[in-house]
Structure formats: structure tokens, C-alpha cells
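Model the full assembly from the supplied sequences, consistent with the hints where possible.
For the record, in the sequence shown the residue sitting at position 221 is 1302 according to the numbering used here, with numbers rising by one throughout.
Do not take every clue at face value.
[Stated by the list, open to error] No more than 30 Å apart at the CA atoms, straight line, and that leaves these computed lysine-lysine pairs for DSSO-like:
#1 Lys1107 x Lys1284
#2 Lys1226 x Lys1185
#3 Lys1226 x Lys1099
#4 Lys1127 x Lys1226
#5 Lys1226 x Lys1192
#6 Lys1085 x Lys1314
#7 Lys1110 x Lys1280
#8 Lys1107 x Lys1085
For the record, the hints were derived by calculation from the structure and aren't laboratory data.
The model shown is predicted, which means the values in this text are computed figures rather than measured ones.
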Amino acid sequence: MDLKCVTISGTNEYTDIKDLVDLLCKYPKAEIGIQVSDEKASYQSKRYEWFFQLYDYAKTLKQNLNVALHINPGWVEKVCEGYIPVELLKMMSLKNPNGGLFVKRLQLNFKIGRDQVDLNYDRLRWVIKLFYHHRFILSYNEANKEFIDQFYFTYGPCFDLLFDSSHGEGITPQEWQPAVYPMVFQGYSGGLSSDNIAKVLTKIALMNVGNVPIGIDAEGKLKGDDGHLDLAKAANFLEAATPWLAKDQVK
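Here it is, written out as C-alpha cells:
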């Protein structure tokens, strides 16, 4: 197992930008996940403005960051159909000061049976192919399993995967699964914290022998009493995962 990425989800307008960037500079393999939707990140919203303040601050420091946008209902249905909101396009087009895209990954938080549109395999593949400079993340759970299985067997490893059995509710699964598809980067999410990450990574490593690239994604247990991300908890989580980040692979 090769731990490539640790995602801290839930960064938003309540997160101090300087402290956040300092934390990301300390842990170069850390990625932040920012929840975006028409309700939360439309033009001139607090999150929209915060996002560009974060970009400007990183640009001033000439510091590349690992940023993912987690696209939620309100926008995700449109994106899967190929209609990309202007605000999202602007976020996706930003460049890092040292080259490359500021936003590297896009997580499509759709759920079969909940969304307002019937997802179309060909249309989703067209969107992924059109924005080939970005990596797209698909959430794998019981609701989405059949769709994603068919998508993979039709188009191959053109996406990243997030194993998330609780549909974003932050509940630890009864069982962690090995990587679902060959040659697909897989993330794991669900109730992760600094208290349990060492045990969880040991379990995941035993299921993914060899140099299998994986990632982890935490949010719920990193929140403070105010319901927003606590950077101190995020720092503890990253520190607890550091021994695994230092390993090239675990056999």
C-alpha cells in the first residue's frame, strides 16, 4: 500500500486562510476538499469570495496547494450532464504560481436514486474527457455501485474512486474493502480521526498488498464544537498519518 494523499474535507469560509496554508505547507501530501454547490458557492457568496482569497494568498506566497472541489447537489446534476456553472469553470481554470492547476481534482457527489436527472454513461465520460486536466472522483457505495461498475467496465480507469459506504455521513463502515478496480486510485472515507487512523490504515494495508496507491478522506470527526473544521484536529490527524506517508509502500 502506498498512501499518496490525505484529504481534509470541509475547509470553507470559516477556516482561517493563513493557518490553513501553513498546515498544508507542513504536510505536502495533504489535500483540502471544499464543498461547492449553487447554494454554497455561487457568485459573491461567502464561500466563493473565500475561495479566491485563498487562491490569492497562495499565489502571493508562490505556494502550490493540493485542492479538490467536492461538487454537491445543485451543481453535480448539471456537471454530470455537461452544463458547468460559470463560477465552477472560473475555479477550475485557476493556475498555481509554480505551474499546474490550482484545483486538481473534482469529486462528483451524486447518489443514484436521489438526483434529479438519470445519469448517462456516455455524457459523464464526455465530461471527464473534456476536462482531462482534472481528475474526477466518484463515490462508491451501495446506491452507486452498479452504475460505477458498468462505467468502469465500459470506459476503463478514467476516474479516481472514494469508498464511502455512508454517503458522506461520516460513519465508519462495518468492513473496509480492498481496492475495487485495478489501476484506479482509491480513497477511503468514513469516521476517520487521529484516534483511529493508525488502526484503519493497518487494516487497509493488509488488504492492499504491494504498491497499491490509496488515499484517505476525513471530515466529520475533524469538526469543532461550532460544526466547522477545527485546524488543530486536522493537524493531529495529519500527524497521525505521517508515518504512513513516509513509507514508499507497505507489503
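Outcome of the hint check:
Distance hint between Lys1107 and Lys1284 is fulfilled; the C-alpha atoms sit about 26 Å from each other, no more than 30 Å. Distance restraint check for Lys1226 and Lys1185: the Cα-Cα separation of roughly 24 Å lies within the 30 Å cut-off, and the hinted pair is therefore satisfied. Restraint check for Lys1226 and Lys1099: the C-alpha separation of about 39 Å exceeds 30 Å, so the hint is violated. A distance of roughly 35 Å separates the Cα atoms of Lys1127 and Lys1226; the hinted pair therefore is violated under the 30 Å criterion.
Of the supplied pair hints, the one linking Lys1226 and Lys1192 holds, its CA atoms being roughly 10 Å apart against a limit of 30 Å. Taking the CA atoms of Lys1085 and Lys1314, the gap is near 20 Å; set against the 30 Å cutoff, the hint holds. Annotation: proposed proximity of Lys1110 to Lys1280 holds, straight-line Cα distance about 20 Å (limit 30 Å). For the hint pairing Lys1107 with Lys1085, the CA-to-CA distance comes to about 16 Å; that is within 30 Å, so the pair holds.
Comparing the model with each numbered hint stated earlier shows that hints 3 and 4 do not hold.
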